[in-house]
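There are 2 protein chains.
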Amino acid sequence: MLTAPLTTEAVAAVGWNVLREDVSLPCAVLYEERLQHNLTWMQRFIEEYGVKLAPHGKTTMAPKLFARQIAGGAWGITLATAQQVQAAYTHGVRRVLMMNQLVGRQNMEIVSRLLEDAHFDFYCLVDSAAQIEQLGTFFLAKGQRVQVLLEVGVEDGRAGVRSEAQVAEVLEALGRWKNTLELRGVELFEGLLKDEAAVRGFLGRAVEVMRRLVADGHLAAGKAILTGAGSAWYDVVADVFTDAGFGDAVDIVLRPGCYLTHDIGAYREAQERILAANPVARKLRAGLLPAQHIWSYVQSVPEAGRGILGMGKRDAAFDAGLPEPALHYRPGEDAPRMAPAHWKLAKMMDQHAYLDIQRGDDIQPGDMIACDVSHPCLTFDKWRTLLVVNAHYDVIDLVETYF
Amino acid sequence: MLTAPLTTEAVAAVGWNVLREDVSLPCAVLYEERLQHNLTWMQRFIEEYGVKLAPHGKTTMAPKLFARQIAGGAWGITLATAQQVQAAYTHGVRRVLMMNQLVGRQNMEIVSRLLEDAHFDFYCLVDSAAQIEQLGTFFLAKGQRVQVLLEVGVEDGRAGVRSEAQVAEVLEALGRWKNTLELRGVELFEGLLKDEAAVRGFLGRAVEVMRRLVADGHLAAGKAILTGAGSAWYDVVADVFTDAGFGDAVDIVLRPGCYLTHDIGAYREAQERILAANPVARKLRAGLLPAQHIWSYVQSVPEAGRGILGMGKRDAAFDAGLPEPALHYRPGEDAPRMAPAHWKLAKMMDQHAYLDIQRGDDIQPGDMIACDVSHPCLTFDKWRTLLVVNAHYDVIDLVETYF
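Protein chains in written order, with this note's numbering: chain A, 1 to 403; chain B, 1 to 403.
The set of hints was computed from the structure by calculation and includes no laboratory data. These numbers were taken from a predicted model, which means no experiment stands behind them. Hints are supplied without guarantee of correctness; some may be wrong.
[Claimed, not checked] Output of the computed footprint for chain B on chain A, the stretches with three or more beta carbons under 8 Å from beta carbons of chain B:
id	segment
1	119-131
2	343-357
[What the hints assert, rightly or not] Just a few of them, taken from the derived set where beta-carbon distance is under 10 Å, the chain A residues facing chain B:
id	residue
3	V23
4	Q43
5	K58
6	T81
7	N100
8	R158
9	R162
10	Q166
11	L192
12	D195
13	Q299
14	G312
15	M368
16	H375
17	F403
Just so you know, even glycine gets a beta-carbon here, dropped at the ideal spot from N, CA and C.
If we strip away everything but chain A, and leave its shape as in the complex, we get (with noise of 0.2 Å):
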């Protein structure tokens, strides 16, 4: 536990390293190899199709590895809440998707603050004339004008607008708020959706509704932006959405977000197929790597079958799968060895896991495991400092975040 922030070349300047024991477990650690691999591999990626990228910050909400994406040529960033866009501001981010209805005068007072800098490039998203009044009531009482994209939505779904009658209800309002509110495109999130028909339906749509808002000249003048991806079906997107041929006047953007950890549950499925179905991720080769592990002891092995490691549900994810043992390391060894393949984590609970052993297999109190993760999401936000580690497992950088 960190009591101030340490610069890189402090940390580095410690030495820590953490076969060595000198950091506290559990623990989550980046892989810097892995991360820097997958920061350029979506790069290259979105540079091959010629769209551009605002990773999603609420995956990891670390200024640290946005500051990262953005120096590797990311074009903004996305979030999701007014509380995230004030902490990646603070951060220096300048650009931002805050891909959600923006709702409540304290969060609008927020948004408000920032975009007293003319700098900073804010858009939100509307799908209804009653938030669409909220907001310009807001904003015109500010003397501010905001950017604004229709959420295009699913039935079943999340917000977003369903209907031809809801589109028309958010045009009419619109009009209303002119000079307060600009409409510059449209928005989707198709990773509710599970199978590929169904994402390019969706995905269909609203370039339909992006193609009339053009036509029928709804849009504010300049830039248009269309935009969509989580860490799916970014592949699907980016095929639908540059096929449509809107040419230079409509920016298209993604907004993955796992990517940068991978992992080793839903998104590793998903790379999967991106990588069977996808002809330029074919030409990348070697696809994204899982890049976060948890690092925790062996704490107790009371039963012949049963290991007890000191990590649960308060350090990695346990929504999308179980984390996975990966490495099993006894202090003063040389080196990891792989964990064998029938360690299974049975269950976690808030501060244990229960590890599913063999009677006679070699494991004892004080070793120490480094389990993969699913969903990266909810394994960052159980983390105020990561550790970047390289090859040797030296740390060579924290990692804060700021949820």
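Could you slot chain B onto chain A? The hints should help.
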């Protein structure tokens, strides 16, 4: 998002009110009157039984709440990890039951540094010879003594000795470290068990082991400790442990953590059993009250049967039942209404919740919803700051967490 902690006085002076939209939602709210009721209720329960209370601090990891628990009569604070112990010590806690095996070099270093304070009264668990050897070796080298409790566990459970052979192994190992590790008593956690007969059986076994340690002279000189109890079976633990008749030589210590905010899930169910079955609890009448809400905005009502709330898995526990809408407030109105009984959360995503509503319900974007939660531990850890409010929803204090 606050950049520096405010004193209680300073917070009250700011004059925020939740209903007046002075704070950004989502936010976590603690109700002062209910907190105080729960604090008093549990303290009276403990006093009626003549036992000691060491509330599990891992639930809240909020030093301000630890201080209130201690001021209210708690004997110590229970914690789960060395990192938590350090955070509690830094904020003034001087008696800690770390009810886990202390494993790993840096974790032992943390405790060793704190033990340099002769006023720091610390206990941790042992359950195997291997772990005892590591603990003894480390603290012998430091020239320090550590107080330990023998953890008794159940088959297919968490850590802790299952068999007589394991008890003998632990006692033999402790015999080799008599000047370093002081055995002070017996610990168990009965919260994994699902029915009262099993709990009573497990408690009976712990009492037997304790009796043997006393009779055979295995305990270090001075006060001994017999401790158990999560938030679901503390009444049965109090009952069995006080019935064992150890008298003044043994401190019986209960460790519930969730009573402070209570909940509307597993702990409400447990409390109903306790109020029905336990004569002391019955005498105290009005039981524990849920004291925590997550407030969020209705962000969209995209379908007649669905609202979308701006809160999700990042804001509240979801592993033991989803949050339940309790209050509905439209800014400008006099007071919140009860949320209709048919409003239920159907699903939570990272930052959103699906609210089941019915066609024609009076609900719109910008409305505020307060949700009760199930499982306080995995709700507190989502927040760095929680708001304490009075009956008028004035923010009268902030509680910071140190996860």
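The hints, checked one at a time:
Residue count for the segment 119-131 of chain A with a Cβ under 8 Å from a Cβ of chain B: 4. That meets the three needed, and the coverage hint holds. For the segment 343-357 of chain A, the stated coverage by chain B is satisfied: 5 residues place a CB nearer than 8 Å to a CB of that chain, which reaches the threshold of 3. The criterion of a C-beta within 10 Å of any C-beta in chain B is met by V23 of chain A, whose closest approach is roughly 6 Å, and the hint holds. Hint on Q43 of chain A is violated. Least Cβ distance to chain B is approximately 24 Å, over the 10 Å limit.
Because the smallest distance between the Cβ of K58 of chain A and any Cβ of chain B comes to about 6 Å, under 10 Å, the interface hint for this residue holds. For T81 of chain A, the shortest C-beta to C-beta distance to chain B is roughly 6 Å, which falls under 10 Å, so the interface hint holds. With 10 Å as the threshold, the beta carbon of N100 of chain A comes within range of chain B, its nearest partner Cβ sitting at about 6 Å, so the hint holds. With a least beta-carbon distance of about 6 Å to chain B, the hint placing R158 of chain A at the interface is held under the 10 Å criterion.
A least Cβ separation of about 6 Å between R162 of chain A and chain B falls short of the 10 Å threshold, and the interface hint therefore holds. Checking Q166 of chain A against chain B: minimum C-beta separation of about 8 Å stays under 10 Å; hint holds. Interface hint at L192 of chain A: satisfied, since its Cβ lies 8 Å from the closest Cβ of chain B, which is below the 10 Å cut-off. The restraint placing D195 of chain A at the interface with chain B is violated, with a minimum CB-CB distance near 19 Å, outside the 10 Å limit.
Proximity of Q299 of chain A to chain B holds as hinted, the smallest CB-CB distance being about 5 Å (cut-off 10 Å). Hint on G312 of chain A holds. Least Cβ distance to chain B is approximately 9 Å, under the 10 Å limit. Using the Cβ-Cβ criterion of 10 Å, the hint placing M368 of chain A at the interface with chain B is satisfied: the shortest such distance is roughly 8 Å. Interface restraint check for H375 of chain A: the shortest CB-CB distance to chain B comes to about 9 Å, inside 10 Å, so the restraint holds.
For F403 of chain A, the shortest C-beta to C-beta distance to chain B is roughly 7 Å, which falls under 10 Å, so the interface hint holds.
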